[in-house]
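S.K.: Turn these sequences into a full structure, and let the hints guide you.
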Amino acid sequence: MAHAYTPGLKVLQEVKVVKERRLPLKGDVVVKSGQTVSPEDIVATTDLPGNVRMVNVANLLNIDAPDIREVMLLKEGDAVQENGLLAETKGIFGMFKSQANSLIDGTIEAISDVTGQVTLREAPIPVEIDAYVSGVVKEVFPEEGVTVETDAVFIQGIFGIGGENRGSLEVVVESREDELTVDIITADHAGKILVGGSFISLEAYKKALSMNVAGVVAGGFNYHDLEDVLGYTLGVAITGSEDLAASLIITEGYGNIRMGLRTFDLLREHNGKFASVNGATQIRAGVIRPEIVIPLSPDELKSDHKEIDSSKGIQAGSIVRVIRAPYFGRMGKVVSLPAELGKMESETMVRVAEVEIDHETIVVPRANLEMLETD
Amino acid sequence: MDLRSILATDCGSTTTKAILIELVDGEYRLQVRGEAPTTVEAPFEDVTKGVLNAVGEVEELSGRKLLDGENILTPQNGDEGVDIYVSTSSAGGGLQMMVAGVVKSMTGESAERAALGAGSIVMDVLASNDGRMPHQKIQRIRQLRPDMILLSGGIDGGTTKHVVELAEILHAANPKPRLGKDYKLPVIYAGNNKAQGEIMKTLAEMTDLTIVNNIRPVLERENLTPSRDKIHDLFMEHVMQQAPGYKKLMSWTDAPIMPTPGAVGSLIEMIAKQENITVVGVDIGGATTDIFSVFQEQFNRTVSANLGMSYSVCNVLAEAGMENVLRWVQFDIDEIDLNNRIGNKMIRPTTVPQSMEELMMEQAIAREALRLSFIQHKAFAVNLKGIQKERTISDAFEQSESGLSLVNMIELDLLVGSGGVMSHAPRREQSARMLIDAFLPEGITQLAVDSIFMMPQLGVLANIDKEDLKEDARKAAVEVFEKDCLIRLGTCISPVGKIKPNMTVLTAEFVLPDGKSEHCIVKAGELLRIKVPYEPLKATLTPGRGLDIGAGKGEPIETTVFGGVVGLLLDGRGRPFMLPESKTERISSLQKWSTATNEYPNIHPG
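From first to last, the protein sequence lines stand for chains P and L. Each residue of the first sequence is one higher than the one before, counting from 1 in this note's numbering. Each residue of the second sequence is one higher than the one before, counting from 1 in this note's numbering.
Hints in this document: simulated from the structure, not taken from any laboratory. One or more of the hints may lead you astray.
No farther apart than 27 Å at their CA atoms in a straight line, the calculated lysine-lysine pairs in the DSSO-like style are these [said to hold, decoys possible]:
(1) P:Lys-26 x L:Lys-184
(2) P:Lys-343 x L:Lys-592
(3) P:Lys-75 x L:Lys-201
(4) P:Lys-10 x P:Lys-333
(5) P:Lys-26 x L:Lys-592
What you are looking at is a predicted structure, and each value in this text was computed from that prediction instead of being measured.
M.R.: Shown next, in the form of structure tokens:
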């Protein structure tokens with residue numbers, strides 16, 4: 001490809017993070033532009049239309065659908081209560097009346113004289129959106145939501161489960177090669193975000209859940225064990241709506257893979273700070289990666305900090321990570337990007353890169369490299 | 001207007017592919033192709049950027065000026081520009097629809113067939129008898145956010161109650177479109193004409209309702225064309241208008257943009273009709289596998305939405321089971337390791353197999369993805385259900401019924417594979433083996449692959465309906481399809497029936513292009529290859545006792561077969577096909593077949 005662009009994972013020590021906080025339907029924005037917010041502050045609210053139930057009154061009362069209005073005791077817009085009377089036949093001399101009752105508390109939305117159905121709607125469901133990160137309301141979209149901006153450390157993982165969570169960071173291993181094991185996790189870790197090294201086992205993650213840990217960040221996890229956590233086999237990497245007390249973020253991939261040096265160092269540098277995490281992942285059109293956001297106070301900002309330009313993709317000198325066997329998980333520096341196609345051991349002809357890893361130059365398909373977007 | 005040059009693109013979910021076709025010495029031929037990443041997503045959010053990059057590569061490779069800044073030069077002027085530009089698209093998730101019918105296996109299925117035939121992904125089929133309560137259906141509609149809904153139900157003049165009930169459910173759900181907040185969801189009504197007034201009353205205000213002729217005017221006949229055409233129109237008018245950059249792209253093209261699978265399907269349908277053959281075509285992608293078939297002149301398409309080689313590769317593992325994937329792997333591997341490797345392919349979907357081991361694993365998974373998709377296809381491509389057949393006395397002993405699969409493998413003439421794992425397999429022998437192992441063709445079946453996956457572009461070209469272009473465009477599509485698109489792999493000859501150990505499965509005599517004849521005896525469990533190019537060969541084929549090669553049990557056939565880049569593959573492994581149960585024997589058989597077909601010569605040299 002002439003203009004190959006391989007988006008990599010961001011591991012940034014300082015960046016302006018802008019988070020969009022939008023309602024699923026139009027509603028009210030309750031903060032103003034420029035307002036300082038904390039992660040738990042509500043920024044917008046709305047009411048989702050209530051659930052709908054349908055009662056086939058014509059069938060229940062054994063009448064023809066066009067006659068439904070003759071038996072209805074209530075009309076569209078009227079409030080109803082669960083088991084309350086909706087309709088009643090006249091019966092014979094006022095006796096042997098048949099009745100139809102409401103299944104829910106709510107209102108009557110529609111009465112159909114074609115099908116004999118009555119549509120009942122439950123009370124609206126309130127929805128609140130919080131700020132997720134501490135920062136400043138940058139932009140307000142009337143009736144829809146806001147953006148919250150913060151200067152922060154920003155680290156993306158490759159895959160995660162569980163939605164948004166927050167807590168203070170605690171690096172619980174000595175080195176990035178170490179596993180986050182069961183015995184490390186204690187009741188003191190409740191509400192915290194734990195950082196491990198190369199791997200977290202199913203048992204250790206389950207312990208984290210039982211100890212009400214807010215989040216776990218580790219290099220790898222076994223794909224096979226996801227089924228145990230989720231209750232189903234994850235066939236497509238779309239996550240985030242799981243109801244899990246502890247969000248799990250893996251930074252490298254499935255298996256036991258030591259955490260990237262920069263990722264580990266950066267997390268260790270900010271050990272003890274308050275962070276927001278989100279395990280939501282979507283690897284399809286509109287890629288979403290799990291993330292760790294550690295807001296920085298004004299005195300922590302570096303005046304000489306430079307923004308990175310990653311739009312040019314992988315170039316000679318880029319720091320890359322190999323993302324497929326046989327060099328999976330290893331990191332190195334691109335030496336050159338030969339123009340001609342290279343033949344791999346698999347006999348596949350591909351565009352290649354020469355990468356220096358541990359003082360050795362190897363040839364890897366460019367498609368198997370991920371650029372590490374660092375600053 | 002004489003068509004001299006054509007530029008065509010296919011905007012896929014990850015890659016935009018461009019091809020340049022030129023008229024050379026009275027013949028349309030593919031000149032060059034280029035590709036670039038699709039740019040529908042952030043940070044670009046404009047599909048035309050990827051198109052310009054892919055066309056830029058074509059420009060570089062062909063040395064022909066095609067772009068003037070950010071415009072495609074049309075018509076051709078001297079050596080610059082092209083006469084027409086056309087495109088297909090499946091970017092941004094393609095066209096996602098929900099369909100509804102009164103009876104799931106009748107109008108529900110007809111609506112599904114229409115939507116699939118138009119190139120959409122069917123997210124769900126709602127039906128009065130689908131076993132869900134109304135409130136469950138409502139919740140489902142709300143959750144899904146389709147691009148469009150096709151509502152059908154009832155035969156013309158029949159009872160209206162049930163289809164109106166479905167409309168009331170839609171109304172209560174108040175569905176929102178996936179893209180664009182400020183427009184109404186397009187709904188096509190293709191049901192009982194007597195209910196049109198009630199449907200209007202129920203849905204006209206809330207949705208963008210269009211009414212077309214009934215999809216099933218009478219029980220015995222489907223009428224899919226009006227719905228399919230309307231889906232294409234609405235795809236252009238509504239869905240594409242909401243996708244980033246498509247307004248601009250639409251202003252560039254000389255014919256409406258078609259959904260990618262719709263274009264591929266229409267090309268396959270056209271070829272089957274033109275050559276009067278039965279065809280099965282497959283496109284195995286990263287997220288989905290599409291299968292197209294034409295049997296008894298009936299076209300069918302299915303999308304296995306979560307059977308693919310990257311984004312949904314773990315779903316292949318989940319649906320097939322580890323055991324079924326492992327049965328194709330020719331070496332020992334730890335299950336947890338294999339699990340993690342497949343998981344890593346899902347989360348890094350654009351990677352390619354560097355080592356031979358990785359390639360072999362990928363091709364093992366592909367066999368299972370194809371096999372499962374084909375099972376789904378066979379279950380869907382059936383006769384119309386719910387029809388009472390008039391029977392004569394001669395039918396008394398033949399228990400034919402409605403709802404039988406149209407797919408009859410022994411009648412299959414041509415099996416075409418496409419998609420990355422097929423088209424980009426390092427050796428064509430590997431593509432042939434994947435097709436044979438997954439589809440298990442019976443009798444005599446030609447095999448082919450789409451060389452660089454250009455069927456979408458040729459499909460849209462074949463569908464141009466501007467009077468002055470129509471004829472040339474269709475000619476170009478057919479000529480390029482025959483000469484540049486299809487790589488003829490050869491012919492698979494597989495006798496059908498249960499085989500016994502050591503029996504002779506097939507005795508074959510071929511007259512080769514050089515006039516010499518080749519005599520072969522295929523024993524039970526053998527897979528043999530005869531290297532012959534794509535030329536007609538006279539063949540006398542005699543199946544073993546109790547086996548059928550197309551003329552009946554034990555009956556010989558004299559026919560003409562074609563070689564190809566792989567040649568003739570004589571499959572004596574039996575139908576039904578069974579792999580040996582013991583691991584050692586299984587691996588040994590896999591290695592023997594690999595050697596015989598030159599599949600992985602660096603591992604198992606012939």
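S.K.: All the hints need checking, so say for each whether the structure fits it.
M.R.: Hint by hint, here is what the structure shows:
no. : hint                  : verdict
1   : P:Lys-26 x L:Lys-184  : holds (15 Å)
2   : P:Lys-343 x L:Lys-592 : holds (26 Å)
3   : P:Lys-75 x L:Lys-201  : holds (18 Å)
4   : P:Lys-10 x P:Lys-333  : holds (16 Å)
5   : P:Lys-26 x L:Lys-592  : violated (64 Å)
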